[in-house]
Amino acid sequence: MRVLLTGISGKLAQQVALELLAHGHDVTGIDRRPWPECPPGIRLVQTDIRKPEAEEAFRSERPEAVIHMATVSHLAMRRDERYRINLGGTQKVFEYCDKHAVPQALFVGRHTYYGAVADAALYRGEDEPPMALESFPELADLVAADLFAASALWRFPERTTAVLRMVYTLGPSLHGTLAAFLAGPRVPMILGFDPLFQFMHEADAVRAIILALERKLRGVFNVAGPQALPLSELIRVSGRNPIRLARAMYPLLLGRLGLPRLTTGAVAHIKYPIVISDQSFRTATGFRPEHGEYETLAAFRTASPPKADLASKPPSSASPAAASTPADASAAANGTGDSRERDSTRGTAVPPGNRAPLADAATSASASDEALSIAAPKPRE
Amino acid sequence: MGEDAQHTAANSGSNDEVAARVARLDLSFNEHGFDRFGVSRDSIAAGMRVMGWLYRNYFRVRCHGVEHIPPRGRVILVGNHSGGYAIDGGMVIAACFFELDPPRLAHGMADRFINRLPFLSQLANRTGQITGLPQHARQLLSDDRVLLVFPEGARGTSKLFWNRYTLGPFGTGFLRLAKSTGAPIVPFAYLGGGEAVPTIANLPFLGKLLGVPYIPVTPYVLPLPLPVTSELRFGPQMRFAGTGDESQHLIQREVDEVKDVIAGLIAEGRESRRRGVAALPGGR
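Top line first, the protein sequences correspond to chains B and V.
Heads up: the first sequence at position 65 corresponds to 65 in the numbering used here, and the numbers run straight through without jumps.
Heads up: the second sequence at position 273 corresponds to 273 in the numbering used here, and the numbers run straight through without jumps.
Derived by calculation from the structure, the hints in this document are not laboratory data.
Accuracy of the hints is not assured; some may be wrong.
Unchecked claim - Covered stretches of chain B, as calculated for chain V (at least 3 residues, CB under 8 Å):
#1 108-121
#2 224-233
Said to hold, decoys possible - Have a look at the derived ranges for each label pair, beta carbon to beta carbon:
#3 B:E295 with V:Q248: 43 to 53 Å
#4 B:R2 with V:Q248: 55 to 65 Å
#5 V:L203 with B:G192: 18 to 28 Å
#6 B:R218 with V:R112: 27 to 37 Å
Fair warning: this is a prediction, and the values are worked out from it, not measured in the lab.
Don't be surprised by glycine CBs; every beta carbon is placed ideally from N, CA and C.
Construct the complete structure from the given sequences, taking the supplied hints into account.
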């Protein structure tokens, strides 16, 4: 199948591209960021989605399916730019799909769509509305993009459209919102609250996206991984230290003392859970996560070891990630790393000493297309 | 099980007993003791040590009819609320844990405000006392768990001392739920909550400041519970056929049936407590 992948230079999208290639698909990518390690089998059109060159790719490649992954979170971009990318970009992609008769479109969205509120149920279904937008306006453009993409289901009923709302990804690439949030040695929690967190191994996320494509999924689907765990358990298993702060202290302390800065809305995401039900996705595709919750956290910990781990085995730690990265698709993608940032080395050999956690969080977040909604580390571009 | 299921009180809630019972809970915990609703095995054990002591030594709960709770499968426990805050809920959960064999975890349908309060929210969530939303109730029942419902809601705990044996208006959601999920209802009466926290007034304004519906006031001001011997009576299972989509009129009639049974259990319990107080020197 001829597949066009927008936002291909993002860490997760790179893995999707490589896996598509391995499945024998013909892959074209659009991204304004470069991907120097892009393998020869993949055509990369380096341009902005909203530029004529992007439409030319639709026109000349005549893709049979489009996977839209070119959305960013508030971690990465200023508001006006974010709106242009998320909503403007999504609008353009669906416009081109219609104009150039692309039979299938897949929008990769986020489970934070649903919003973190006190009286929401656990295991929210696809029919639940987005909530708490008033307290977290930084999410509004992503919610709008999600709903706009879903509107293609009734606007273009003859085409196959699917919207995936995926939980946080975690894994060796150390990319994504949750990875950024857990990057530092100290992870903030709200005193007296310990919400459930849902996450999945990035290799499982890649599999789910490709499954949705190959099964020609139609509709809106939540995609989740293994069992949800309390935030404190995530922090414990990944070898970090929880810093429990009263809610009232957050405006004073965040962004200081090595803690990430969180917006008001983002604080709700470490106070209340967003737990989704992936029942219909599992039924439609037969998807089962291959990596358990502790295995996924272990993969993250190996790739981003806490000081304690490094101290226990100092000489061999020069290439810990390479040694322990599971031999799956992500390992290959991992080596390619991210190009715009210096951290492309981290997939192969992480110099353990010199990775200031906060700076690390910033790079992985700003480099990331997948970054969702929680941590907004201080330094921004 | 007969009049006093509590000669077990001798080995009251020893740590070994709690650990052994937690291990026999029919819940699918992952390798570190968490289930999919965020229930933690360790939190259950810690909570039950406290609840077990309260159940056996402080409130000395006499439990009757616990055999009406099925040993496995979905069930809704429906009863009366009283006593300022949900001591009765805690004691029913303790009864399911200590009196049943194998033990079962009852999931109370917590009031919405609980999730907003620090610590309380964490404690409630780790012990399976999640917010009383219809979605949660349905998920727990389809997972064949024990649901604990007080259809009076917060109106039930706000009863004043002299109204402690009355029943307020019942919500109807539990009955529709029982019908749509095919779960039996086990009615129960809890007696003693109203004496343990003898509320003479409620302060909604102070409650609002603290994020709760109201603060109960007792003759000794603070709403601390007194060590009042309490009684818990379960009645025989009630089954209601139907889809759960019946007219409100019909549902209300069946809700009233359940309410009447609970009122009957309260009357029985009052009688038995009166006799119990007379028979036992020192007044249990």
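Quick check: which numbered hints come out false for this structure? Of the numbered hints, all hold.
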